[in-house]
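Protein chains in written order, with numbering that gives the first Met the number 0: chain S, 0 to 187; chain W, 0 to 298; chain F, 0 to 368; chain L, 0 to 212.
Derived by calculation from the structure, the hints in this document are not laboratory data.
All values reported here derive from a predicted model rather than from experimental measurement.
Check the hints yourself; a few may be wrong.
As the list claims (entries may be wrong) - Which chain L residues face chain W? A few, computed with CB under 8 Å, are given here:
#, residue
1, Met0
2, Pro23
3, Ser24
4, Val77
5, Trp81
Stated by the list, open to error - So, partial list: chain W residues that the calculated Cβ filter (under 8 Å) puts toward chain F:
#, residue
6, Arg86
7, Leu140
8, Ser163
To be verified - Using C-beta positions, here's what the derived DEER-type ranges look like:
#, chain 1, residue 1, chain 2, residue 2, range
9, W, Leu285, S, Gly169, 42 to 52 Å
10, F, Asn279, S, Asn112, 43 to 53 Å
11, L, Glu100, W, Tyr68, 22 to 32 Å
12, L, Asp71, W, Tyr68, 19 to 29 Å
13, W, Trp35, L, Lys114, 23 to 33 Å
14, L, Lys85, W, Trp35, 31 to 41 Å
15, W, Trp35, L, Lys90, 29 to 39 Å
Backbone N, C-alpha and C fix where the C-beta goes; we use that ideal spot for every residue, glycine too.
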Amino acid sequence: MTGSDHIFPGKLIAYTSSLDLNLLQKTLNQTCNHFTTICSKRLNIREEEQCFLHNKLFSTSQCLMELRLRSRVRVIDNSPIGKAAATAGKPGKIMHVYNVAAVGRIGDKVMINIMGQKKKGYIVGCRQKQKTNVPRFDTNNVVLVEDSGTPTGTRIRHPLPSCLRQKRYGEKHSGEFTKILSIATKFV
Amino acid sequence: MNIIQKHICRCLIQKCNSGNVPLSFVPARQATVLNWLLDKHRKSQLSQQPEKEDDIEQETIMVPRDYKYLYPEFLPPANYRHRDRIREKLERQDMFCRRTMIEVPEFYVGSILAVNVADTYAPSKNTRFVGLCISRENDGLRTNFILRNHIDGNGIEIKYDMYSPLLQSIEVLKLEKRLDDELFYLRDCPPEYSTIQFDMEPIHLPTGSAVPLNTIKVPLGPRPWDKKWDIKNFKGLQPSNRVLGKRAAIRLERSAKPWEEHDLMKQYRENINDEDVETVLKEVVLKTKKKSTKSQRRQ
Amino acid sequence: MASRSPLVCASNCLQNILFRDAFTISRVLTCYQPVRYRKRSSRHPEWFVRRRVKSFDEGLTQENKQFIKDLTVEQYKNKPSPLKEEPLERGEWDLRTRRTGVLALKIGVIPQWRKDGTKIETTLLQIIDNHVIRYSPPEKFAQSAGWKPWWGRKYGSVVVGALSCEPHLFSKEYNNLFTEAGVPPKRKMTRFLVSPNAAIQPGLPLTAMHFRVGDYIDAQAKTIDYGFQGVVKRHGMKGGPASHGGTKWHRRMGGTGGGGNMAGIWKGKKMPGHMGADWNFAKGLRILRINTKYNVLYVTGTTPGGNHCYVRIMDTCLPNRRREIQNEPPMPTFYPEDVTDQIQEEYIDETLFDFKEPSIEYIDEESNK
Amino acid sequence: MSLKIPYSQTARKLRGTFGVGSGPSGRIKRLRMCVTGLIRHERIESTFARCDETRGYAERLINIASRHGDKDKYAMEVADYWLLEKDLIHKLFKVIVPRYENHRSSYTKLYMLPKELPGYGKDMGVLELKDNPWPQVVPKQRETKYFLTNMLVDELRKEHHRTKRSPFVNKILETSADNIDIDSIQNQYILDNLVDNDEGKTKNDQSHENKND
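I would like the entire structure built from these sequences, with the hints used as guidance.
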């Protein structure tokens, strides 16, 4: 995580325009120290979210932890866009849920705005409260999919919920789920 | 006082103290039958099939003191509006039947479990999950417990119904207690405190030893948190460095309820009293007596 | 006690006669009247019989109280049963018959599991001390004031009582209602409409075996009394915003009507008022399990009302569910002579998981092949 | 230990005990004063709602004191909190707890006072500890054993026992042992009953006669 220049581009430009080099050095040092200390502890979306926002620390989570419009998600496959988003500290945001209720749950299809691109994906783990025997994850996980239906990544190195396997036999998107499940490594 | 007033006085006093019938002075708005009245009807000789009194109530059985914490799911709810003697009895029958089929071991919040569940879509028709028990909730057939583990950078929690027929086995890998009744704060703690290897070998305690208490104090991670853990006085948490603002401090001061510490009636309403606990646990002692030699702790 | 004075006998007879006359004029004795709109009044209905009498402490000693209690029990046990005299003919069941219902008490709600592993909520309903107290055939029923013209001459009526009490609690008029059935006075009574082929004799006990496992029933009960409630809780309206300048506008209703030609508040506008304590149905519930020892029915889903409230249970009126019945239900009710074997303690539905069985295991079909 | 009094699942708020807005802390403050008053004077008069609320707290306090004893830390803490005048702690453990040692029913008694018309508009009540030294609230009722109804029912009972066979004999009949002399058993049963009743009667009769004299 050495992406400090990604974080405050506006500030940087302001400093460079004023040519106050001493101040610039100070701020850069401060920010770098801050990031290294926090991000070495754990790689979690919420940390990045917090860094991305500002120095003030306040929670942005909803009370029900539902996946709605503009809620942030983590990409867990090894696609290059997902990695870039994680390093840049810019998690993808949900633009649309292909669903009548407009609330995403496990196995629902969503459209995501990630690094300025429009991508489609499947929700593969939720922070929301779940039924019995269904796992509840600490983060909202998503697997990206191309328009043709093939997954963009080649491997998923995170566990997927076991109840996702019944989607393979369903009427909707059964072909796309078989492709996702074939690149998965672990089930919970 | 004139004569009429005296008469009214006499009537009211009679109303208050007539017979053994408990009078509730707060009028019951609901059109329901009270517990004691219903039990009287069930046992009365005028009815078609009068219910026989239990032999268990008359027997003198010593209930061990730790049974209250060993079998917490057998304790009925404290609210008398939600209680019924026959329903509880039928529910307990089902629970005992289930316990003969599957061995439910002794475990507490903070001990490590491995659970096998039937799953139609798994290739082996079975899934195994290992985790730390965070909470035990509810009573009767509704009891459930939550296991937590941290796998490949993902915190995962699964809730299980204890009396669901899908459960194949429950195995205790490490028997332990923690300082708190629920450990939901582990969600916002560093992941090493909730990571457990799937191939962990069970740790056996020597026979007859007491259940060890783990006095570990867990540090909290950086904010944002799921809830304001630092305010809630958990014993198993390290005090955080968070400095409260002026408004937050005022809010915390206002939310404090020091008078509830000694509110005796509030405690009585929220917790079930000891006499009711004993009548329930007597049955548990009788039913578990047969198996006790078989499933003694950590042989 | 054994030998009554002639004066007392005369007064009793007089009351019987008086009451019978009043009964034909008044409505049929029930606790439930079907009404088109919500009717709340403190006035007693026409069929009302005063149950309680002003009692004062007679100062009986503990021994004598117990003796009188025992005496009443003995009296009702030794009473000649009205069933032996003239048994009614038992009719045959067809799709249009209406059998009697029973009056049960809601005990609680617990989860159960199906054999495929899904969890369902079941309500427990206990039937305590149910007896048939009066049957009036359609011709007689049509003359009474409780009769509604749209029923025609199709239905007779049956009064069912539950929870038997000691007679000294009630008035003489109320106790006389039970002389025909020969049972102790009941705490609660209801009326059911019955088709003539399901005619039933007073004095018959009704148990949980009146229904079978797999039958569908309707449950009717009074909902929980919430008292005077606002518009948000009573009708589920949205209220106002919590902030953004919402002054005294958080839980209020919006406009009450338009202007112009149709101005004014229309009848039936949803407004704050008394909520609950109203009769409500839950239809098409399936019986999953029957416990004959305690007379308890396990029924799918939930019924209206709180814990320990009275529930009227009858055969379902949904036509599609009725057609699913393959065997004839016991007509007019279950007689213990019908069954040659001993009655089991529990009957369990095929789809329901029995806790005596081992836990569910799925079989891998592909590997078996 | 369970309470032997009726109580509601929802507590009364007792609004306005220390002015409007005193809230739940004001409620507890008032109840503490009532409990100390009850332990001090053994009988208090207040509004009925307040009496009914204090009743539960007083019962629980005596319950805890009798169960844990005066050497327990928790019991002393509770007593220290609820009794504002500290000399009463000694009275609670040394006087009141031994008084109710073999008591099965509730420790307190509650009465409703008549309404005065025109009056304050609230029900008034009296709360007292049982077995207190004060004169009784309700005057003691006359002994009812020699009322006419009682005497008549007594006679009926005796007659009933004579004529009716006992359930004990009926049971033997059902099992149908042929060679048992039923009449002898029946006679014995009646005799036993008679003797018991006569003894009781003679004793009471004597006392009654003495009183009349």
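Checked hints:
no., hint, verdict
1, Met0, "6 Å, holds"
2, Pro23, "6 Å, holds"
3, Ser24, "5 Å, holds"
4, Val77, "6 Å, holds"
5, Trp81, "7 Å, holds"
6, Arg86, "4 Å, holds"
7, Leu140, "5 Å, holds"
8, Ser163, "6 Å, holds"
9, Leu285/W <-> Gly169/S: 42 to 52 Å, "49 Å, holds"
10, Asn279/F <-> Asn112/S: 43 to 53 Å, "48 Å, holds"
11, Glu100/L <-> Tyr68/W: 22 to 32 Å, "30 Å, holds"
12, Asp71/L <-> Tyr68/W: 19 to 29 Å, "21 Å, holds"
13, Trp35/W <-> Lys114/L: 23 to 33 Å, "29 Å, holds"
14, Lys85/L <-> Trp35/W: 31 to 41 Å, "40 Å, holds"
15, Trp35/W <-> Lys90/L: 29 to 39 Å, "34 Å, holds"
Checked against the numbered hints above, the structure breaks none of them.
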